[in-house]
Structure formats: C-alpha cells, structure tokens
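The two chains are supplied separately, each in an independent frame; assemble them into the complex guided by the hints.
Chains as they are written, first to last, in the numbering used here: chain A, 3 to 168; chain B, 2 to 419.
No lab work stands behind these hints: they were computed from the structure.
Be careful, since some hints might not be right.
[Stated by the list, open to error] With a Cα cut of at most 25 Å, we get these calculated SDA-like pairs of lysine to any residue:
| id | chain 1 | residue 1 | chain 2 | residue 2 |
| --- | --- | --- | --- | --- |
| 1 | A | LYS78 | B | TYR192 |
| 2 | A | LYS88 | A | PRO146 |
| 3 | A | LYS166 | B | ILE234 |
| 4 | B | LYS161 | B | LYS47 |
| 5 | B | LYS16 | A | HIS160 |
[What the hints assert, rightly or not] Partner residues aside, some chain A positions facing chain B, computed with beta carbon under 8 Å:
| id | residue |
| --- | --- |
| 6 | GLY25 |
| 7 | CYS66 |
| 8 | ALA91 |
| 9 | GLN101 |
| 10 | GLY150 |
| 11 | ASP154 |
| 12 | GLY155 |
| 13 | ILE158 |
[As the list claims (entries may be wrong)] Cβ pair distances, simulated, as ranges:
| id | chain 1 | residue 1 | chain 2 | residue 2 | range |
| --- | --- | --- | --- | --- | --- |
| 14 | A | VAL129 | B | LYS52 | 42 to 48 Å |
| 15 | B | LYS52 | A | LYS163 | 17 to 23 Å |
| 16 | B | SER206 | A | GLY14 | 38 to 44 Å |
| 17 | A | MET3 | B | ASP251 | 38 to 44 Å |
For each residue, glycine too, the CB sits at the ideal point set by N, CA and C.
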Amino acid sequence: MSTFRGKTFVYGDDINTDVIFPGRYLNVFDPAEMAKHAMEDLDKDFVKNAAVGDIVVAGKYFGCGSSREQAATCLKAVGISVVIAKSFARIFYRNAINQGLAIMICPGIDEIVQMGDQLEVDPTSGVIKNLTRGGERTAKPLPPFIMGILNDGGLIPHLQKSMKSA
Amino acid sequence: MGKTMAEKILAKAAKSRDVSPGDLLDVYPDVAMSHENAGLVSKVFKTIGVKKLYDSDRIVIIFDHRVPAESVKTAEGHKAVRDFVRENGIRNFFDINVGICHQVLPEYGFCRPGEVLVGTDSHTTTHGAFGVFSTGIGATEMAAVWATGKLWMMVPESIKIVTKGNFKPGVYSKDLILHLIGKLRADGADYLSVEFYGEAIEKMSIASRMVLTNLSMEMGAKAAMVPPDAKTIEYVKSVTNKPFDVVIADSDAKYRQVVEIDLSRLDPQVACPHGVDNVKPVSEIAGLPIHQALLGSCTNGRLEDLEIGAKLLAGRKINREVRMIVIPASWKVYREAIDKGYISTFIDAGAVIVNPGCGPCLGAHEGLLAGGERCISSTNRNFKGRMGSTEAEVYLASPSTVVASAIAGKITLPEVSS
Ligand code: SF4
Numbered sequence: 003m004s005t006f007r008g009k010t011f012v013y014g015d016d017i018n019t020d021v022i023f024p025g026r027y028l029n030v031f032d033p034a035e036m037a038k039h040a041m042e043d044l045d046k047d048f049v050k051n052a053a054v055g056d057i058v059v060a061g062k063y064f065g066c067g068s069s070r071e072q073a074a075t076c077l078k079a080v081g082i083s084v085v086i087a088k089s090f091a092r093i094f095y096r097n098a099i100n101q102g103l104a105i106m107i108c109p110g111i112d113e114i115v116q117m118g119d120q121l122e123v124d125p126t127s128g129v130i131k132n133l134t135r136g137g138e139r140t141a142k143p144l145p146p147f148i149m150g151i152l153n154d155g156g157l158i159p160h161l162q163k164s165m166k167s168a
Numbered sequence: 002m003g004k005t006m007a008e009k010i011l012a013k014a015a016k017s018r019d020v021s022p023g024d025l026l027d028v029y030p031d032v033a034m035s036h037e038n039a040g041l042v043s044k045v046f047k048t049i050g051v052k053k054l055y056d057s058d059r060i061v062i063i064f065d066h067r068v069p070a071e072s073v074k075t076a077e078g079h080k081a082v083r084d085f086v087r088e089n090g091i092r093n094f095f096d097i098n099v100g101i102c103h104q105v106l107p108e109y110g111f112c113r114p115g116e117v118l119v120g121t122d123s124h125t126t127t128h129g130a131f132g133v134f135s136t137g138i139g140a141t142e143m144a145a146v147w148a149t150g151k152l153w154m155m156v157p158e159s160i161k162i163v164t165k166g167n168f169k170p171g172v173y174s175k176d177l178i179l180h181l182i183g184k185l186r187a188d189g190a191d192y193l194s195v196e197f198y199g200e201a202i203e204k205m206s207i208a209s210r211m212v213l214t215n216l217s218m219e220m221g222a223k224a225a226m227v228p229p230d231a232k233t234i235e236y237v238k239s240v241t242n243k244p245f246d247v248v249i250a251d252s253d254a255k256y257r258q259v260v261e262i263d264l265s266r267l268d269p270q271v272a273c274p275h276g277v278d279n280v281k282p283v284s285e286i287a288g289l290p291i292h293q294a295l296l297g298s299c300t301n302g303r304l305e306d307l308e309i310g311a312k313l314l315a316g317r318k319i320n321r322e323v324r325m326i327v328i329p330a331s332w333k334v335y336r337e338a339i340d341k342g343y344i345s346t347f348i349d350a351g352a353v354i355v356n357p358g359c360g361p362c363l364g365a366h367e368g369l370l371a372g373g374e375r376c377i378s379s380t381n382r383n384f385k386g387r388m389g390s391t392e393a394e395v396y397l398a399s400p401s402t403v404v405a406s407a408i409a410g411k412i413t414l415p416e417v418s419s
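For reference, chain B alone in the conformation it holds in the complex (with noise of 0.2 Å):
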C-alpha cells in the first residue's frame, strides 16, 4: 500500500521504516520554533532539570507578537529570553528587527523539503508549503523537545485537495482556501494531514502556497503540504546549503477524503464574524461600510500582495471613513516594497505603515478595534475579540479585496483590469 507525505516524512524522522495513520511514535523534529512565547518555554525547560539542550541548533526563537515591546511586562519577558538565548548559545534567534516567525523561517533556510518542523504557534502548518511536515504544539511540549529532542506524535491520516482548471482574473489562493474552510468546516480536518494537488497549485508562487498552508489550520490540519517541485527546490537552494531530501507521497497513497475544487466556478470569498468557516462570496455581503483595513500578517503580507495593494491603490486615496494599516510580513519584505515603490504608493493613498510583526492580528497593539467597529483584514483568524473590542466584526478576505474594500469605505468585490 502507497504512502502519503505525512506518513513518509513521519516515518523518516522516527526513523522507523513503516509507520500508518493512528501508530504513536517519538519523533525527532529537526526544527523547533518559538516566538515570545520562548519565555514560558524556557521557564519550564529549567524545571525539567537537565543542564544542557538537547541540540541548540535546532532552536530557533523569532520574536514577532509585540514588537518593539508594547508593555513593560513584554520587555521583561524578551529581555529573558534573551538572556537564555546568550547563556545557551542558541545562535538562530531573531530580534524584534527581522519579521513574522512563519516568513523567517524560510527566508533564513528552515524549511527544509522532508523534515519535519514543530514550532509554538499554530499557524506553523504554514511551512508544508516546502513539503515540510509541519505543526503547532505547546510551550511545554517544546521546552520537553529542547531538553530530549523528541515528542510524541500520532500519524494522521491525511485529505487530498485536488484543483480543476484555473483562477478567474481577481480570485486568489486566499479565496481559494476560505472557500475549502467553508466546505469542511472549522474542524473538517481535525487531526488530519492536507495535501494539495493541481494545475493552478503547481502554477502558484511559493508565496501563494504558503497562503493555502497557513489558513489550513483554520480546518484544524494538523499539517499541509504542498509537495515540493522545481521551484520550490530553487528557492531553497538559494537560501541554505543544507542538504534535504525531497519527500512527496506515492501515488497509490490511501486518503481518508478527496476534495475537488473547480476554480473556474470559484469567486472571490470572505470569512465573517466570527467563525473562520463562515465563509460567504464577497458579492453576497457587499455594501457593508468598513471602518478599517489590514493588509498584512503570515497569511498576505509577503511582496506579491503589497504589489496587488499598491498596484490598485497607485493614484488613489483611501476612503476617508476608513483607516487602512499595512504590515509587511519582514524587514526583508519591507525593503523589497521600499526598492518597488509600494511603500511610498500607501503612503501617499493615506495608509498607516506598521513595522513587520503581528501587530493587531492577535489583539496585541498598533491598530485595535473598537467596539462596533468591522474591520476587513488579509490575516487567518476573526474570532470574537481576536482584534480587540469582543464588539467589534472582523472579515477576513484576500489583499485584492481588502484593498478595493478600503477605497470604496465598504466591502467590495476585486476590480478585475481587463
């Protein structure tokens, strides 16, 4: 019986030869991310009682959620955990200066085709989109993998996501996967492994892919893969020297589900409040006046989808009922949007620039709701609260529509250039 990528990168990293959906194995990650939340790891790792990590190489801590430091309390905590980093020599940590963890990782060459990769924060799914296994744990898991290099995994079984036909101009990846959210719901892939096939999927930027492995999460993957081709092999290649062996799932791979989407049929989505499998086309809820618009985050804030922002918002102002914030998913990212131009294009219109990190994704800082207020944001998550006041309305949509949204002061359909 053929295997899926899941159950061969699983078996891979146990170093056991055949492994099947529901076997408990201990496995050996080759990555472990954290972001602040570090600082709870490391707390817990010196209760353990063991001197030494396990292998520091195979840490690393990207600080992201509140950045610069918010409040006092958050610099005590990054000041800690940088203190731990210099006592232990761990050498890949990333100060408030370098970006959001899921877009660091692979800029600076952790994502890595057939390893495996486990990391504090859930959206770590996002990595599979170089054919990584990849998923979120705890902090207490993570500080038992710094201190004895393993955790306990169940192998899941896994869904294929198989594409038809291609994109129409002004829908994206983004709307691509809200509408697979909507289809299998919050929990469709509870415990589950995804996997993602098709023309338009091997036609899609690295970037694009990541949007798809990233929100996965929202159907409660365990993780998701795209598996890997040529140009995910080049864009590793030009960010490591690491050696990697490409991991993609036989053909005869037994799944639990097969889910086909007809992209021809596809329109543009939007998740509302606030649930992010309530999942709506954007033509159903359209007219509703936005009070602000957030472009950014680990799920649409890398270049191509400053570009689409820019290209739309070139000549134009933002609405004037609507504060529009962008969010450059990394200091990388940003510089690249300063050498195009974009950056002086949302300036112009009105925009708010905010330094790379999660700002208000999380409900942390810069740029929180007030109650009554609905806000149509490029992040993953819109649950009650998640952006401030437990009032106020999050819609979740693609840059193309959050940015033609805070032009018209409503949510709007996508202008499609002909």
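One chain only, chain A, in its complex shape (with noise of 0.2 Å):
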C-alpha cells in the first residue's frame, strides 16, 4: 500500500455503528447509496466536506455495536483512506480488514490531530505525519497475515488469489 494523503475529520471516543451507519439504512446494499448516509446521525456535513483520501480519525473503541460491514463500507464508498483510531471494536476491525478499508491502531493519535489538519500516513512503517501544524506519531503494525489482505484490496480478492494459486 502506498503512502496516504488527506484532511482528517476527528471524531471522539466510542463511535457506534448505529451513527457511523444508521439501521434504517440496513436494507441498503449498494456502496454507493450507502455513502450518502455515512455518519450521518454524527456528523451532518460529513458526506458534503469528505473527498477522495481524506482520513478519520477517532478515539478509543472506534465502531462499536452492531456487525453491520456498511459500517466500513460506507466510509470506503466515500473515499476514506484510512481510519486512525486509538483502539477498534473487534467487528469493526475484522470488517474493514475484509472490506480493504485501511485501518491504523494509534493510542497517541488525538494528541497531535485535529479536525482539517492534513496528515500523510505511510501505512506500511506506521508513520503518521502531521502536515498542518508538525507532530509524528507510529501506529502499531498490522499482523504481515492482516496486511496481506488489505494489501489484496480486502478478504474477497485475497481469496480468489489463493484458490487462482492453490
């Protein structure tokens, strides 16, 4: 994966995916109605301000509740490279992994970030860098077997790959 560039949107601890992505919603299953609704009972202008390559970055426990993978596939569909949390709901994790959403596990991030700062993010040394106002800060490596996957584009290409090799 290649370096990542964009304007973060920052958001706090605990952020569900009932807000991330509504229940209403859920009989939704095409990406691209999907990102019209992205965290859309959390942040109203998040739809309109986001753009291809912009980064999220969030607290602790980063989307929490339901299974739902619209969750992260709805910030994929919007454009999102990455999300930074300082820690992930388990579900969450698994699903962006499987969605090749790009995710970082970073417990210093909120101290050098905030909302419309420009970061560049090298997910493969974990270095994020604050453009707007300076400040570094290393995510904790991915497992090689995780980055595989996302390297693959998510869970579904990595399998046509390995059964094409097997």
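Below, the structure is given as structure tokens:
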C-alpha cells in the first residue's frame, strides 16, 4: 500500500455503528447509495465535505455496536483512505480489513491531530505525520497476515487470489 | 497450564492440539447463521467464483429484522434470499413466521455445547449460554465461510465472572449484566471471551443465562459462555439428536481478569442514554416520565419474561400516557404465552402485541420513537437514534422494571411481592 495524504475528520471515543451507518438503511446494499448516509447521525456535514483520500481519526473503541459491515463499506465508498483510532471494536476491525478499508491503531493520535489537519500516513511503516501543525506518531503494525488481506484489496480478492494459486 | 473454554473449543474446531491466546487459527464453524443480511452475503458469495456452498447444512438463515417486509426494498431482499435458498438447497431456512434468530437457533437444536457458531449479527454471543463458542462476523466473511467452510480467528484471552450469593427479590440476570457492563465499560471485554460462574448462575434458567451472554456483546465480548450443566444437556437433547461434546474450562485455566460480584448487594439497574455502559441503579432516576415501554427482543422476550410482565399486569391497566409494546421472541414463545393466558392479560391491560421479530429494537419499524420521547425497554441497545428519532431517549432495564414503569407512567422500581 502506498502513502495516504488527506484532510482529517476527527471524532471522539466510542463512535458506534448506529451513527456511522444507521439501522434504518440496513436494507441498502449498493455502496454508492450507502455512501450518502455515512456518519449521518454523528456529523451531517461529513458526506458533503469528505473528499477521496480523506482520513477519519477517532478515539478509543471506534465502530462498536452491530456487526453491520456497511459501517466500513460506507466509509470506503465515500473515499476515506484510512481510519486511525486509539482502538477499534472487534467486529469493525474485521469488517474493515475484509472490505479492504485500511485501519491503524495509534493510541497517541489524538495528541497531534485536530479537525481538518492534513496528514501523511505510511501504512507500511505506521508513521503518521501532521503536515498542518507538525507532530508525528507511529501506529502499531498490523500482523503480516492481515496486511496481506489489505494489500489484496480485501477478503474476497484475497480469497480469489489464493484459489488461483492453489 | 490449564485452558479456558474458548481455548479448548477453538483448538478443537481448528483441529489443532494446543492453542494459546493470540494464535491465529483457521476455524471451521459448525453453524453459520445469517438473517436478512443473507441477501448481502449471497451477493458477495456470487462474486467469489465458487459454484457450490462448502456445506449447505451448516448454513442457517432466519428472517427476523423486518418481518413481515415493511417496505418494497425489504420485500425484494427477502425474495432474493428465498430464491438463493431454493437454488442452493439450503434446508435450514426460517421465513418470517418463526422468530428472532437468537431464539430460533436454540429452539431448533443449532446450539450444541463444545461447537463453534458464527453469525452475521453482533449478539451472536447469546449462544454461549449453551457452552458454544459463538461470535458475530460481517457479511463478507460469511460469504467466505459459505464458500470455504472456514475463517480466521484469533484465540482470545478470557475474563472470569464469579457471582457470590443470590439475587434479592425483584433483581434479575438483566440487572447483573447491566451492572457488569457499567463496571467494565463498553470496551471492557473487547476481543475477549467471558465465562460466568457462581451458585446463582447454576440455579439460573437457561433463558436467564441467555440474557447474560446476549448482553456481553455490549462490553465488547468476542464470546461469552456459561459452562454447560445437566440443565443445558437436558435442553439440548430435547431439541436435537445430533451428538455433541461438552467442553468446560480446566480448573487451572489462566484468565486475564477475575471479577467477583456480590449479588446480595445488587439492586435493579438501568442503562441510561446513549450508551449501554451508562448504568445507574433504578432508584437514582426513578420518577422520569416515559412515553413507551417495550417488552421483548432477543434479550428479554422469552416465556419467563412475558410471565413476569403478565403477573404484574394481571387485572391492571397500563398508564394512559404510555404505549406498551410486547414482542415475543419467537412463535413458539408466542404460542405458549397464548396457552398460559399471558397474551390476553397484555391485551386487557392495553398493550399492543407485535409479531415475533426485531421490530423497533433496531429502529426498523413497528413502534419507533418521536423526538423528545422516552422509552423504557427490555432490549439491549440504547444508542442515539437506535429506536427512531435521534432526539429520543432509550433506557434499558429488566422486564420487571419495564412493566412496573409502564403501569406507573414513569421509571419505577419493580414491585416485590412479599
Ligand atoms: S431483537 Fe434487537 S438485538 Fe436482537 S437480533 Fe433483533 S435487532 Fe438485534
């Protein structure tokens, strides 16, 4: 994976899947349609202001709540390149990887980022640089097996690749 | 070194002899459950490029989230799943007339001790009440399970909960688990497996144990289990002929944390908006007026819950300012509640009975809240916007507290009959 550069949307702790992708849209399966409702109950301006490559930064336990993978799919469909959080809820963590949405665990991220800052993120080394106000943190590396899935673009392309080589 | 339930069950499912927390395994689940999101699963499955399901008999599909279809979009989704089920010979398909997935799975014999169960629903932890390692996954991974029979899993560390003493009258397993969530917080068991022990747990009905494992998800648990005992085995044998092996933890198993709870000091609890870990004793917020009371869901919609409600309501009326909605967890439960006269009691008291399913629990239909309204509910989530308007408030409590509040028109401590 190459370096990500984008502006940040910064949110707090315990951001749950009901505000990332509300239950009332769970019968929507088309990613383009899902993108319209991303973060709807948390930040009404998110979809309007987010551009391809932008970055979501959050506190602890991002993505807690339901198992709906639309919470990861809708962020990817909006064009979010990576979600950086102090920690993730288990199912969101799995869903993001399986959807090919990059995630990084970085406990000190809130100390160097404010809403709208430009970040430069190297997913391989884990180094996160704040281009707006300086400051740098390094995220915990993901296990190689999981990096492998992300590098292939998600679980399904990963599976197809392994079936081809088998 | 001894092993926890999670370690032993996952080792068995991965056909591996010895596993430790942190190990990444390829696990072959015995049961793979989906609900309406089977629509999404089948859509992803078709993109993989395999022609056949790995084992159609491990797949269970249960419609419950929007039953009967509340919109054309849902109707189309239901139809697509029915077509897929027919084309692929999936035998374990339960249409709109059976019940909520977490009640239907045990009723039809899919919860067998010592096995691994995955479901595309976060509250899949529920089935740990039968000693099953049971956890929620996403739709894409489920498609991979349908295709390959397996998925990757990290062996979790475990937390041991030990209760001391017994419940006071008017205090239930719902109060215990809400208290625990308040204590450990919403992420207190993230990535971890929880095991429940103690005399009160042994005495508890299976339905009450399911409340503990269902709500363990709200402290982040990957799985939550009650060690199977004679009661569990008797129940499971009454619903399936399939053989199973009971797995319990070794006495010297290593836990990340041991939490002791003295039940003699536990009072009725309520989770306040907008987080399940925002827990207070009911007495602290008693008197808050409510507009709706909901008795039901995969958490507390079983026969014993309806019995508590019906006994409190016998010969009485729900407060005029309150709408009360009752949703039995399954049609079997509904049928029994009719036979026992509970449903008549609810109707006479002024409640609305909704067909078994998720209903307003996830904000889909059948009793949503308007802005400024307050609901007391026996369900398991109170996030902002969960049951309708983002300006509404949801309080979570035991069936007893919910029904007492519906009668009083305000949040009220359950009555204790002497
Ligand atoms: S009743 Fe509520 S918590 Fe249970 S499965 Fe349905 S939506 Fe989920």
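Each hint, compared with the structure:
1. A:LYS78 x B:TYR192: Distance of about 24 Å is within 25 Å: holds.
2. A:LYS88 x A:PRO146: Measuring from Cα to Cα gives roughly 20 Å; hence the hint holds.
3. A:LYS166 x B:ILE234: Distance ~44 Å between A:LYS166 and B:ILE234 Cα, so the pair is violated.
4. B:LYS161 x B:LYS47: 41 Å, violated
5. B:LYS16 x A:HIS160: Roughly 23 Å between the alpha carbons, so the hint for B:LYS16 and A:HIS160 holds.
6. GLY25: Holds: closest Cβ of chain B sits about 4 Å from A:GLY25, inside 8 Å.
7. CYS66: The hint holds - A:CYS66 has a Cβ within 8 Å of chain B, the shortest such distance being about 6 Å.
8. ALA91: Hint on A:ALA91: holds, closest Cβ of chain B at ~6 Å, below 8 Å.
9. GLN101: With a closest approach of 6 Å, the A:GLN101 hint holds.
10. GLY150: 11 Å, violated
11. ASP154: Because about 13 Å separates A:ASP154 from the closest Cβ in chain B, which is outside the 8 Å limit, the hint is violated.
12. GLY155: This hint is violated: A:GLY155 lies away from chain B, its Cβ roughly 12 Å from the closest one there, beyond 8 Å.
13. ILE158: 6 Å, holds
14. A:VAL129 x B:LYS52: 42 to 48 Å: With a Cβ separation near 44 Å, A:VAL129 and B:LYS52 satisfy 42 to 48 Å, so the hint holds.
15. B:LYS52 x A:LYS163: 17 to 23 Å: 18 Å, holds
16. B:SER206 x A:GLY14: 38 to 44 Å: 39 Å, holds
17. A:MET3 x B:ASP251: 38 to 44 Å: 42 Å, holds
Hints 3, 4, 10, 11, 12, counting from the list given before, are not met by this structure.
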